[in-house]
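*Asks:* Sequence:
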Amino acid sequence: MTSAAKSMFVFGIYLLILSMSCLIWPNTVIELIGIGVPGEASVFIRFSGMMALFLALYYFMAARREHREFMWWTVYTRPLVFAFCTVFVLSGAFPSIAAFVGVFDIVTACWTYLALRAAGA
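When you number the sequence shown by full-length UniProt numbering, it's gap-free, plus one each residue, and the end is 121.
One should not assume that every hint holds.
[What the hints assert, rightly or not] Per label pair, the in silico range of CB-to-CB distance:
1. 92 <-> 1: 36 to 44 Å
2. 27 <-> 119: 39 to 47 Å
3. 28 <-> 80: 34 to 42 Å
4. 2 <-> 37: 42 to 50 Å
5. 93 <-> 43: 15 to 23 Å
6. 92 <-> 28: 17 to 25 Å
7. 37 <-> 72: 37 to 45 Å
8. 107 <-> 31: 36 to 44 Å
9. 118 <-> 31: 19 to 27 Å
10. 9 <-> 38: 31 to 39 Å
Hints in this document: simulated from the structure, not taken from any laboratory. Virtual Cβ for every residue (Gly too), placed ideally from N, Cα, C.
Please take these sequences and the hints and turn them into a complete structure.
*Replies:* Listed below in structure tokens is the structure:
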């Protein structure tokens with residue numbers, strides 16, 4: 001497995017953990033991130049967890065098959081999570097801790113970018 005594929009696999013693990021947390025403990029996730037009232041928002045958080053699970057599967061498959069085109073797509077889209085979380089925090093819509101949700105996205109996107117560049121992709 002190339003370094004770029006490893007970065008995708010690691011991000012897939014992150015998404016898997018995030019998705020399982022949202023599916024199994026939605027109220028805990030809501031309280032930790034502070035984006036709603038536990039109980040009321042749990043259906044939305046569970047739905048988001050389901051979508052994150054599907055994304056995790058895409059990342060695992062892309063890593064396994066060395067799907068470089070998909071890897072490049074994620075290099076450009078994952079930093080947007082950080083950007084949006086930052087805007088939401090600065091606007092007061094999200095608490096400060098929510099900015100950290102995007103940190104892992106941008107760090108692993110940089111890892112994928114550097115690995116793809118090093119491989120000449």
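*Asks:* Determine for every hint whether it applies to the structure shown.
*Replies:* To see whether the hints hold, each was checked on the structure:
1. The supplied range of 36 to 44 Å is met by residue 92 and residue 1, whose beta-carbon atoms lie about 42 Å from each other.
2. Here the CB-CB span from residue 27 to residue 119 is close to 43 Å, well matched to the stated 39 to 47 Å.
3. Evaluation of the 34 to 42 Å hint for residue 28 and residue 80 yields a failure: the beta carbon distance comes to about 26 Å.
4. At about 44 Å, the beta-carbon gap between residue 2 and residue 37 stays in the expected band of 42 to 50 Å.
5. Hint check: residue 93 to residue 43, Cβ distance near 20 Å, so the stated range 15 to 23 Å holds.
6. Between residue 92 and residue 28, the C-beta spacing of about 23 Å keeps the proposed range 17 to 25 Å intact.
7. Judged by the Cβ atoms, the range 37 to 45 Å given for residue 37 and residue 72 holds: they are separated by roughly 39 Å.
8. For residue 107 and residue 31, the Cβ-Cβ distance of about 25 Å falls outside the hinted range of 36 to 44 Å, so the restraint is violated.
9. Checked against the given bound of 19 to 27 Å, the beta carbons of residue 118 and residue 31, roughly 41 Å apart, lie outside it.
10. Between residue 9 and residue 38 the CB atoms are about 32 Å apart, so this pair conforms to the stated range of 31 to 39 Å.
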